[in-house]
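Visitor: Letter by letter, the chains look like this.
2 protein chains.
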Amino acid sequence: MEFKVNSKELEKLLTKLIPGIPPRTPVNILENFLFDISDGVLTVYASDLEMALKSSINVICEGNKQIVVPAKLIYEIVRNLPDDTVNFTINDNGKLTLKTEKGKYNISYINGEDFPEIPTFPAPDTSEEDIHEIVMNGTDLKEALEKTVFAISKEEIRAAMMGVLFDIAKDGIRFVATDGHRLSKYHNKGYETDFVEQYIIPERAISIILKILDERDVKIFLSKTHVEFKLDEMELITRLIGKKYPDYNTVIPIENEFEMKVNTKELLQVIKRMILFSTTGTRRVKFSIESENVEISAEDLELGSSAVENIHCSYKGEPLSIGFNTGYVNDIINHITDQEEITFKFSSPSKAVIIQPVKAKENVDILMLLMPVRLNN
Amino acid sequence: MEFKVNSKELEKLLTKLIPGIPPRTPVNILENFLFDISDGVLTVYASDLEMALKSSINVICEGNKQIVVPAKLIYEIVRNLPDDTVNFTINDNGKLTLKTEKGKYNISYINGEDFPEIPTFPAPDTSEEDIHEIVMNGTDLKEALEKTVFAISKEEIRAAMMGVLFDIAKDGIRFVATDGHRLSKYHNKGYETDFVEQYIIPERAISIILKILDERDVKIFLSKTHVEFKLDEMELITRLIGKKYPDYNTVIPIENEFEMKVNTKELLQVIKRMILFSTTGTRRVKFSIESENVEISAEDLELGSSAVENIHCSYKGEPLSIGFNTGYVNDIINHITDQEEITFKFSSPSKAVIIQPVKAKENVDILMLLMPVRLNN
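Top to bottom, those sequences are chains F and Y.
Taking the numbering used here, I'd label the letters of the first sequence as residues 4 to 380.
Taking the numbering used here, I'd label the letters of the second sequence as residues 4 to 380.
Take these hints with a grain of salt, some might be off.
One-sided excerpt, in silico: chain F residues whose CB lies under 7 Å from chain Y [unchecked claim]:
id : residue
1  : K7
2  : K105
3  : G106
4  : S111
5  : L271
6  : L279
7  : G307
8  : S308
9  : A310
10 : N313
11 : S317
12 : Y318
Honestly, the hints are just simulated from the structure, not real lab data.
Idealized CB from N, CA, C, for every residue including glycine.
If we strip away everything but chain F, and leave its shape as in the complex, we get:
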């Protein structure tokens, strides 16, 4: 059978789907796209068994067929073609032929039925009442995910924490990520829902959806086992992490009464320099805080280097010395740079610290939590 499609339109489609091809996989067939040609529509799938990306385009064709084609090869070929109609011929000998005005290309394909099962939404046996729908503005969702995903745990033994929690309640949606050392909670109160539920979205799906999101609305369909993100022309379906998320509220201290306000950019610049002095050993930065001044210092015993800086702060509390992992402080501040000032709330050198922008956007609460590291002096 044959189908025809413009090279640039197909390139646009494949560009969106190529991130769905797993970068390293023992299952070779997943390095392919599934092309489903049916009733004048070409639907292309990329899947890693857990997750699927899917997008469609109209083509001129007769007949229906599914074929499996090497993703990178077809993508690179199409990307390098001039703007021209491409005639695809699916030959019975296992060859797919692409013809343009001046060129003819043959690549091998596999029959569609050999492609593994692709996650669908809703998954089979999902009961209708377990399905919920939210519509979110793409920019809002992007911001929520960007400000949380960095804190996701990378450790397989903490499976529940290897994703971002969507904690949906009547007073809005809380996005939460933590690895046990730090936690990020982003609460958007602008979305009112009529159901209460928790869903953990795996990191790979988050990182792909972040590449796709723009200012347009995105529909989110949720079930107990799967979630679907649906944009105009594009769908991402992923299995959820089927674990119970730890009760994050219990680790957020409520009695941190010592408050320090500092200029965000100034602090970030200092921390960037401190990173250079904490590349080995404990990788620690020390904050020594008094009413109007915070002394920030680091020492790299292995390299024999050290640094001390002072910046202005306004502080209410007892003089305090506290240590942090320099990289973690840097991560957190880097994710709240859009606000001019940030607040640190302390209780003691060994207790969790709360870091927040002084002013947040309307309807948004951001709370970052960071565990200190011991100062051994």
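Place chain Y on chain F using the hints.
Guide: Positioned in the frame of chain F, the structure of chain Y alone reads:
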């Protein structure tokens, strides 16, 4: 002792020198800069024993001293400082202290005398009459090096070919590089010299000088063993490759009478697609040439894929089929894309092919040579 310098000026200096720090070296001390403070001038050196980069800046100081400081660390610190005067104090305890308005940083230094000997120009025992000087426009030199360096041999057993030959004669300078499979010769007739000599500049020096060159003139001082490239504020000195360069003229065929002219961009686009079809095995592209048409094809037996394209050419000669390494053809065409048309000159499917821009710049001759690969059909 102490010296003072503006952070941004020092950053500018170190940015130019950091490429001179060898990326991987068993000699740890070479990962450092040598700082020479003398009579109000700070001269910084980066060296890999074979080659040295050197640049100076005025500083406010008393006394003279040489110290060795970790290159990446000092570069990163200075780069991350605000625009401010930095006070350097060289303490007797092996610590170098940097002080700015708000910060104080200590890093370890080593005494200058521990730094290995740095190549100088002229090297000791160079006789005056062996020293020659050329002044070249930076843009001219840059173009000559860019269009040759890609063909340098990467094989240690061909030591003489691991650099670019500067073949200096009364009728101009020829820049030549070859790895035995391809050769690039760039002849600039605009530089008349009063001496005849050959110098082989090692690849690392070429790649660094390419980063430094701009439209300004560069002075080139040449001796039997070393060469110095001198820009206003910057010097690069390198040992030459002390071997005899092969007589490249003997491999350039003079009787290639079959001539094909093609559009450069069109051919380049075709070759880029052919690369996708020659990723395994012989990585070969085949040209089948007739009077008005060249059929270009590739076949990847391992992937079971193949491609054929036809482009217009004007050809004088007998019909010819000839094979090339696809990557090598791509390299060569990529280096003559500034000309609209290129000429291929053939004699037979097993003999070297000459590839040249149809029109070259005034005073410039470019000649690329490519060995074919066997077609086994």
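Visitor: A separate judgement is required for each hint: does it hold in the structure or not?
Guide: Taking the hints in turn, this is what the structure says about them:
A cut of 7 Å between beta carbons decides the hint on F/K7: the least distance to chain Y is about 19 Å, and the hint is violated. Restraint check, F/K105 versus chain Y: the minimum CB separation of about 5 Å is within 7 Å; hint holds. Below 7 Å, beta-carbon pairs count as interface contacts, and F/G106 has one with chain Y at about 4 Å; its hint therefore holds. Because the closest C-beta pair between F/S111 and chain Y is about 4 Å apart, less than 7 Å, the hint holds.
Taken as an interface hint, F/L271 does not check out: its beta carbon lies about 11 Å from the nearest beta carbon of chain Y, beyond 7 Å. At a threshold of 7 Å, the smallest CB-CB gap from F/L279 to chain Y is about 5 Å, leaving the interface hint in force. Restraint check, F/G307 versus chain Y: the minimum CB separation of about 4 Å is within 7 Å; hint holds. Checking F/S308 against chain Y: minimum C-beta separation of about 4 Å stays under 7 Å; hint holds.
Checking F/A310 against chain Y by beta carbon gives a least distance of about 4 Å; that is within 7 Å, so the hint holds. Taking 7 Å as the C-beta contact cut-off toward chain Y, the hint placing F/N313 at the interface holds, the least distance being around 6 Å. Using the Cβ-Cβ criterion of 7 Å, the hint placing F/S317 at the interface with chain Y is not satisfied: the shortest such distance is roughly 17 Å. Hint on F/Y318 is violated. Least Cβ distance to chain Y is approximately 17 Å, over the 7 Å limit.
Checked against the numbered hints above, the structure breaks hints 1, 5, 11, 12 and satisfies the rest.
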